[in-house]
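The lines below spell out each chain.
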Amino acid sequence: MDEKVYKAKRAKELEQLGSAQTQYTYEYDPSLLETFENVHPKMDYWVTLNADEFTSLCPKTNQPDFGTLIINYIPDVKMVESKSLKLYLFSFMNSGEFHEDVVNKIGKDLVALMQPKYLEVIGLFYPRGNISIHPAFSYANKEEKYKEIEKYRFLNRNLNPQRIG
Amino acid sequence: MTLQKIQIVENTNIQYLSHELLFLAQSGQPYRGTFYVNFTSCGETFNLVDFKKYITSLRDKKLNAEDIAYEIFTTIEQDIKTKDLGIVVDLTARGGIQQRISYGTAFNTVQKENIFQVR
Chain A
1 MDEKVYKAKR AKELEQLGSA QTQYTYEYDP SLLETFENVH PKMDYWVTLN
51 ADEFTSLCPK TNQPDFGTLI INYIPDVKMV ESKSLKLYLF SFMNSGEFHE
101 DVVNKIGKDL VALMQPKYLE VIGLFYPRGN ISIHPAFSYA NKEEKYKEIE
151 KYRFLNRNLN PQRIG
Chain B
1 MTLQKIQIVE NTNIQYLSHE LLFLAQSGQP YRGTFYVNFT SCGETFNLVD
51 FKKYITSLRD KKLNAEDIAY EIFTTIEQDI KTKDLGIVVD LTARGGIQQR
101 ISYGTAFNTV QKENIFQVR
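Going down the list, the protein sequences come from chains A and B.
Sequential numbering of the first sequence, starting at 1, is according to the numbering used here.
Sequential numbering of the second sequence, starting at 1, is according to the numbering used here.
There could be a bad hint or two in this list.
[Stated by the list, open to error] Cut-off 25 Å, straight-line C-alpha distance, at most; resulting in silico cross-link-like pairs (DSS-like, lysine-lysine):
(1) A:Lys86 - B:Lys62
(2) A:Lys9 - A:Lys86
(3) A:Lys60 - B:Lys61
(4) A:Lys86 - B:Lys61
(5) B:Lys52 - A:Lys60
(6) A:Lys83 - B:Lys61
(7) A:Lys78 - A:Lys108
(8) A:Lys78 - A:Lys4
(9) A:Lys9 - A:Lys83
(10) B:Lys53 - A:Lys60
For the record, the hints were derived by calculation from the structure and aren't laboratory data.
Just need the whole structure built from these sequences, with the hints factored in.
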């Protein structure tokens, strides 16, 4: 696709980016997520998105939880637009979620949105009651290569547990 | 919101800090930051549970970033007697710009990290 045509198409597809009237939602809303087209689908490359300001509420006590989310993925045709991701992550602010659920929920939403070749979401939550929880979600499409990546990363995750800080 | 008083020894220097400050900018975009509270006691401090609830209540409050230190300062000042009360707030960067806001008596912030904290 011609670069100018592609850029015009991309700009038209994305509603949130560059909008002067951004609406912030504080209740879980996956419809906020937007995609744009990957112009290098034949290449395998990593995209890492770090969200250091993630927050949600404990579903039982309503107390706030905080954490860092790390999203790593190998795109196929669609890619997640980062401002829409930011707004989507803000939408958890007043939602009651357990750490393990929130990581899986975000992983599943991103898989449904993009159908990536491979995707993982890691949650590094701040400690509560002296315990910090670090759940990890992973997904690979049907291709053997990506299944192998998922298996390798799953088997090798946290082989040498250590404190972070 | 009222902070319950706790009787403590006079002239004790106390510093509280939290990396979990969250409030809303006027646009509705959440602001994140670290706050530090420093004072010398006049024989009392506040109940930490009340203070935690107060900080949590800021999640729904729209403020100019520059007013956040004053907001915390006045809440403490109206409920307990202190000497040399000071507040420092370090906000995370927005648009590549970091802000440090302070109100009250100047002090050096103590950098303490939880060993499990991911930074």
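Cross-check of the supplied hints:
The hinted pair formed by Lys86 (chain A) and Lys62 (chain B) meets the criterion: a straight-line CA distance of about 19 Å does not exceed 25 Å. Taken as a hint, the Lys9 (chain A) and Lys86 (chain A) pair is honoured in the structure, with Cα atoms around 22 Å apart against an allowance of 25 Å. A distance of roughly 22 Å separates the Cα atoms of Lys60 (chain A) and Lys61 (chain B); the hinted pair therefore holds under the 25 Å criterion. Restraint check: the Cα-Cα separation between Lys86 (chain A) and Lys61 (chain B) comes to about 20 Å, which is no more than 25 Å; the hinted pair holds.
For the hint pairing Lys52 (chain B) with Lys60 (chain A), the CA-to-CA distance comes to about 17 Å; that is within 25 Å, so the pair holds. Restraint check for Lys83 (chain A) and Lys61 (chain B): satisfied, since their Cα atoms lie roughly 23 Å apart, inside the 25 Å limit. Among the hinted pairs, Lys78 (chain A) with Lys108 (chain A) is consistent with the structure: their alpha-carbon atoms are about 15 Å apart, no more than 25 Å. A C-alpha spacing of about 19 Å is found between Lys78 (chain A) and Lys4 (chain A), which places the hinted pair at or below 25 Å, so the restraint holds.
Using a Cα cut-off of 25 Å, the hinted pair Lys9 (chain A) and Lys83 (chain A) holds, with the two alpha carbons roughly 17 Å apart. A hinted pair counts as satisfied when its Cα atoms are at most 25 Å apart, and Lys53 (chain B) with Lys60 (chain A) qualifies at roughly 16 Å.
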